[in-house]
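**Q** Dock chains B and C against the given chain A, drawing on the hints supplied.
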Amino acid sequence: MDSASTPAAAVPPYAIELVGITKRFGTFTANDGIDLRVRRGSIHAIIGENGAGKTTLMNVLFGLLQPDEGEIRVDGKPVVMADPSVAIAQGLGMVHQHFKLVPSLSVAENVFLGMEIRTRGLIDHKKQEDRTRELSRRFGLAVDPTERVGLLSVGIEQRIEILKVLVRGARTVILDEPTAVLTPQESRELFATLRGFANDGMTVIFISHHLEEVIEVSDTVTVLRRGKAVATRPTSELSKSEMVRLMVDREVSFARPARPATQGATVLSVRDLWARDDRRHPALRDVSFDVRAGEIVGIAGVAGNGQTELAEVIAGLRPASHGAATLGARDILALSPASIRNAGLAHVPGDRMVRGVDGNASIASNLVMGRQFRAPWRKGWLLDWKAADVEATRMIERFDIRARGPADTVKRLSGGNIQKVVLAREFTNDAPFLLIDQPTRGVDIGAQEAIHDEIMRQREKGIAILLISVQLDELMKLADRILVMFNGRLMGSVDGEEADEDQIGLMMAGVAQSQVEAAA
Amino acid sequence: MSTRMRAFAGQLIAVLFALALGSVVILLVDESPIRVFTTLLRGAFGDINRVAGTLLQTTPILISGIAACIALRGGMFNVGVEGQLFLGGFAAALVGFAFALPPGLHVLVALVAAILAGAAWIAIPAWFRVRFNTNEVVSTILSNYVAVLLTSYFTIFLFKRPGGWSETPPILSSAYLPELFSFSRLNWGLVIGLILAFAAAWYFRNTPGGYAVSMTGSAPKFAEYGGVDVKKRGFWVLIVSGAVGGLAGGVETLGVHHRFMEGFAPGFGFDGLIAALLANGSPIATIATALFFGALRSGSLLLETDTNASREIITVIQALIILSVSAQVLLRRRGDAQAGERRWKF
Amino acid sequence: MEVLTSLFNVALLVAMLRTTAPILLVALGGSFTTKAGIFNIGLEGQMLIGAFFAVLGSIWTGSAWGGVLCGVAAALVFALIFALLVVSFRANEVVVGLALNILAGGMTISLMKAVFGTRGSIVGRGIVGLPKVQIPYARDVLGPYAQLISGYTPMVYLAFVAVPLFVLFYRRTRLGLHIRVVGEKPEAAEALGISITRVRYTASLLCGLFAGLAGAHLSLGYITMFTENMSSGRGFMAVAILIFSNGDPLRVLAGCLLFGFADAFSLRLQTFGYPSYLILAVPYLVALTALFALSYRARPKLIRETAESMRRFLRAETPSDTTRPS
Numbered sequence: 001m002d003s004a005s006t007p008a009a010a011v012p013p014y015a016i017e018l019v020g021i022t023k024r025f026g027t028f029t030a031n032d033g034i035d036l037r038v039r040r041g042s043i044h045a046i047i048g049e050n051g052a053g054k055t056t057l058m059n060v061l062f063g064l065l066q067p068d069e070g071e072i073r074v075d076g077k078p079v080v081m082a083d084p085s086v087a088i089a090q091g092l093g094m095v096h097q098h099f100k101l102v103p104s105l106s107v108a109e110n111v112f113l114g115m116e117i118r119t120r121g122l123i124d125h126k127k128q129e130d131r132t133r134e135l136s137r138r139f140g141l142a143v144d145p146t147e148r149v150g151l152l153s154v155g156i157e158q159r160i161e162i163l164k165v166l167v168r169g170a171r172t173v174i175l176d177e178p179t180a181v182l183t184p185q186e187s188r189e190l191f192a193t194l195r196g197f198a199n200d201g202m203t204v205i206f207i208s209h210h211l212e213e214v215i216e217v218s219d220t221v222t223v224l225r226r227g228k229a230v231a232t233r234p235t236s237e238l239s240k241s242e243m244v245r246l247m248v249d250r251e252v253s254f255a256r257p258a259r260p261a262t263q264g265a266t267v268l269s270v271r272d273l274w275a276r277d278d279r280r281h282p283a284l285r286d287v288s289f290d291v292r293a294g295e296i297v298g299i300a301g302v303a304g305n306g307q308t309e310l311a312e313v314i315a316g317l318r319p320a321s322h323g324a325a326t327l328g329a330r331d332i333l334a335l336s337p338a339s340i341r342n343a344g345l346a347h348v349p350g351d352r353m354v355r356g357v358d359g360n361a362s363i364a365s366n367l368v369m370g371r372q373f374r375a376p377w378r379k380g381w382l383l384d385w386k387a388a389d390v391e392a393t394r395m396i397e398r399f400d401i402r403a404r405g406p407a408d409t410v411k412r413l414s415g416g417n418i419q420k421v422v423l424a425r426e427f428t429n430d431a432p433f434l435l436i437d438q439p440t441r442g443v444d445i446g447a448q449e450a451i452h453d454e455i456m457r458q459r460e461k462g463i464a465i466l467l468i469s470v471q472l473d474e475l476m477k478l479a480d481r482i483l484v485m486f487n488g489r490l491m492g493s494v495d496g497e498e499a500d501e502d503q504i505g506l507m508m509a510g511v512a513q514s515q516v517e518a519a520a
Numbered sequence: 001m002s003t004r005m006r007a008f009a010g011q012l013i014a015v016l017f018a019l020a021l022g023s024v025v026i027l028l029v030d031e032s033p034i035r036v037f038t039t040l041l042r043g044a045f046g047d048i049n050r051v052a053g054t055l056l057q058t059t060p061i062l063i064s065g066i067a068a069c070i071a072l073r074g075g076m077f078n079v080g081v082e083g084q085l086f087l088g089g090f091a092a093a094l095v096g097f098a099f100a101l102p103p104g105l106h107v108l109v110a111l112v113a114a115i116l117a118g119a120a121w122i123a124i125p126a127w128f129r130v131r132f133n134t135n136e137v138v139s140t141i142l143s144n145y146v147a148v149l150l151t152s153y154f155t156i157f158l159f160k161r162p163g164g165w166s167e168t169p170p171i172l173s174s175a176y177l178p179e180l181f182s183f184s185r186l187n188w189g190l191v192i193g194l195i196l197a198f199a200a201a202w203y204f205r206n207t208p209g210g211y212a213v214s215m216t217g218s219a220p221k222f223a224e225y226g227g228v229d230v231k232k233r234g235f236w237v238l239i240v241s242g243a244v245g246g247l248a249g250g251v252e253t254l255g256v257h258h259r260f261m262e263g264f265a266p267g268f269g270f271d272g273l274i275a276a277l278l279a280n281g282s283p284i285a286t287i288a289t290a291l292f293f294g295a296l297r298s299g300s301l302l303l304e305t306d307t308n309a310s311r312e313i314i315t316v317i318q319a320l321i322i323l324s325v326s327a328q329v330l331l332r333r334r335g336d337a338q339a340g341e342r343r344w345k346f
Numbered sequence: 001m002e003v004l005t006s007l008f009n010v011a012l013l014v015a016m017l018r019t020t021a022p023i024l025l026v027a028l029g030g031s032f033t034t035k036a037g038i039f040n041i042g043l044e045g046q047m048l049i050g051a052f053f054a055v056l057g058s059i060w061t062g063s064a065w066g067g068v069l070c071g072v073a074a075a076l077v078f079a080l081i082f083a084l085l086v087v088s089f090r091a092n093e094v095v096v097g098l099a100l101n102i103l104a105g106g107m108t109i110s111l112m113k114a115v116f117g118t119r120g121s122i123v124g125r126g127i128v129g130l131p132k133v134q135i136p137y138a139r140d141v142l143g144p145y146a147q148l149i150s151g152y153t154p155m156v157y158l159a160f161v162a163v164p165l166f167v168l169f170y171r172r173t174r175l176g177l178h179i180r181v182v183g184e185k186p187e188a189a190e191a192l193g194i195s196i197t198r199v200r201y202t203a204s205l206l207c208g209l210f211a212g213l214a215g216a217h218l219s220l221g222y223i224t225m226f227t228e229n230m231s232s233g234r235g236f237m238a239v240a241i242l243i244f245s246n247g248d249p250l251r252v253l254a255g256c257l258l259f260g261f262a263d264a265f266s267l268r269l270q271t272f273g274y275p276s277y278l279i280l281a282v283p284y285l286v287a288l289t290a291l292f293a294l295s296y297r298a299r300p301k302l303i304r305e306t307a308e309s310m311r312r313f314l315r316a317e318t319p320s321d322t323t324r325p326s
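Residue numbers (UniProt numbering), protein chains in the order written: chain A, 1 to 520; chain B, 1 to 346; chain C, 1 to 326.
Extracted from the complex, chain A is given alone in its bound form:
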């Protein structure tokens, strides 16, 4: 339009235009007619809750997914992004949330991987290092090209990923949650770099949850909610609370069920807990809290802020590096998973298909796990499969599992029904403490309601429940108390009755509770 009205303008002002992008997965619409125009030389932030469609949109832009409808324009010209190589050829570069670097190779080797500089057929390390050094100086991304990547910190790894993008000639850089893994100092350095890009006339698209950062670094903000672009404004015109209001969908908030106060003695007590993730980076930092009988304590937070590790440490599946945790009267940090279960844990794991079930086994067999040494599953020395079948049939009815029968293979069931198999097993263990990680991930709405009812029923029975969820509405509906987790730390604690989405959202974004309350 712009170019049509002013034919003299050589370059249209928008580097990237997405017009009416729709992407469906089965019946689920991840992107619903999204329009997005990104001005050249600007930093454009895209914000939204988990599942709002940010990553899908970026994958469509980068050619990793094909849109069902809509058009992508680069510098005003329509482009079909058949695969990432097209996007790269169009001058786009993407820095993924999970880095794809080879630890044993040097920085320069990683930067030039797949487009090695060769002289006389052999890779010219010297030249690659020189070019890396040159690029790193030009864009202010300090790296030592000769160092092994495996020895470097996450912040430097990210610089390498950005260099990889730059060396391939990107003029538009897309960053997916770039600060999720960075320390505040590293984030600040990153922002300075991005600002430098924009000043050089490059374009930056920046996906984030962290509103403060968005305000600090971006020129324009687009807010996504449930697959739709609900607003695009200059960042300076939006306040933090306005952003939260735009991000959070208030229409479908669950009604909070009435609840009797049934709180009893402390069942789980966690003190000063530290642990690290699989890459040995600290994932839990100094976490302390209690869960009492008849209480649902919710853990809110953006995925990947230490919730998984917390659940695994409590279940004995991951060692803690420091701290204490007691269940009942027993210190559980040194115990095996079996002993923790004996001490009174039941656990609905977050990664259902890996930890929660054996997909190739029958429902009856899956319902036996962890109880093979107990009645009624065990009779004398033996497993009583008849009793297990009877038990399974009962569970299928009681938890409304849609299956052909106890012998049905779990893999065949839908996500919601597989989750019900896990719940059926864990909720019938009569354990005084229930650890529930993402109870309704990948579960349809109807099953969600049923699962929520079941959790409330457990609470009424006086069971202590730790409920971890990335869905804030779920926690606001169920929890008596919500703890907010950010970067491995508890940012604060909010009473379930008085919980305010905006405040929790800010804490999820890394703002301390004291500041949030002062602002309110």
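Do not take every clue at face value.
With a straight-line Cα cutoff of 25 angstroms, these simulated PhoX-like cross-link-like pairs (lysine-lysine) come out [what the hints assert, rightly or not]:
(1) A:Lys77 to A:Lys228
(2) A:Lys386 to A:Lys411
(3) A:Lys228 to A:Lys240
(4) B:Lys232 to A:Lys379
(5) B:Lys221 to B:Lys232
(6) A:Lys411 to B:Lys221
Hints are computed from structural coordinates only; laboratory data are not their basis.
**A** Relative to chain A, chains B and C alone:
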């Protein structure tokens, strides 16, 4: 039920495909496939004596196969059955000729010695596997060579029968495994093997421990989450597998050879492993596959005299069968196929 | 003292270099698959089939090099089947490798019977062995030590010259780099458009090439004959070496020299009247001991690393934010 039928049909197609490929190999060595296969059949099942001979060959394959099954079910590879079989065979022979015990008890003690020898032989690889994640495939394969040489050394340098070939003195008749029929050397070893197969299947299916082992093999993370001590189970699975491997050797010594000699039971351990793989880790199905391989072996004796093909052509056929089975979806990933039986109730 | 000098002398070193060569060749071959992230237990079979066809080819063509070519071709066929099943069909690599080993054993014996009508071994019958390379002037310059560098078959030279070339290959060539990346971080390769399938096929075939050369050296090198299962576990030892060397050429060389030494030394011991069976077991025992000892050693390193990163982290973290929220 239909899943199982489909799995079985898939296995059958793979075997037929392998036999077709085998025919090509047979043509390559200048023989007629039809003649080879009919000779094999005749050699395996031609008359009652031959059937008994087939069953005689089946016995060590079956017991070795059960040994391999046990490991596979727990998600482990015991490629060292061959070595355990040699040591078990030697240990049984040693007890058989060096001690005089009452009949019955003598057999029992000799078999226990074989079991202990097999278990001891796998103990170090097993321990390193669970403690330091040392690849058990390589360590058990390499220990096979040591086992064969070590037993040869024992036989020839320490316990050689005076004036004999490279063999130990014969065991006392009190240590003989009783024969089943008068016309054949077929003995109670086969019964031991069958009992073992059913016992293993029964254990995996009907006991809490068997359930824990199976889950360790088929879904290790799930088992760990459910409170199964995955490492401990893994260790004991290998130990028991080694013990059964030793038993296979003991049965062979006490039932067939009545002495230990060099080159005592070549390839039975590997045949057992292949039988277990073909049976997808199910002990009951291993009875069938062991019988199949026993028949091939027994039939191959006639092959040598009646055709131009060598008896090793059956090894080729066996390998082709495993290759074509492995190409199927059934034997796909570690922890899935390798763990064998994926459906619980059968 | 006298025993020692007659044990450790130039001849022992020469024997060591000779016995190292075949295992070095096959282990270098395995280094391709190891680096590409494939556990290749089928080296043994590839080597055996290579040895057999090398003999066959040398008789057919009347030339040792014709034999080598045949041996390599046969090993390549096995490598191709391996790659097809493991890479394309995603079959279990242990199962496929073991089956191919068994296939090689059965096939060589069957073919031996079919072609030569014998069992056990093929000797004479016009097998042409590989020539020995005499390095000119070696004797004049080095005197009695000349045999250290001169008079080996070309395969021995090839094996040792290959080691620095392998180092160069992994460090300086595109394919070498991509093989490493595919083994270490396949998702990185994928993201950059490097085809994992193609790289793994290439690695498997290169592995077959070297296994075939190793096999040819076995049957046409110092002894010109083929015997049943003549690879006698060298392929498995190579796999053990590959496990603890992680396929790095220099460490592969070190491991292979250790085995070469164990092999040569045990052969030497045999002449002193030690029981041959125990002595023959020495190389296998060395392989097992190395495998166990090195996996044991790997552990403290992990603990050290964790402790180190913990310390680093605490130093960096504690001063700035020790306060607990709320």
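**Q** If a hint holds in the structure, say so; if it doesn't, say that too.
**A** For each hint, the structure was consulted:
no.: 1; hint: A:Lys77 to A:Lys228; in the structure: holds (24 angstroms)
no.: 2; hint: A:Lys386 to A:Lys411; in the structure: holds (22 angstroms)
no.: 3; hint: A:Lys228 to A:Lys240; in the structure: holds (20 angstroms)
no.: 4; hint: B:Lys232 to A:Lys379; in the structure: holds (24 angstroms)
no.: 5; hint: B:Lys221 to B:Lys232; in the structure: holds (14 angstroms)
no.: 6; hint: A:Lys411 to B:Lys221; in the structure: holds (16 angstroms)
Hint check: no violations occur; every hint is consistent with the structure.
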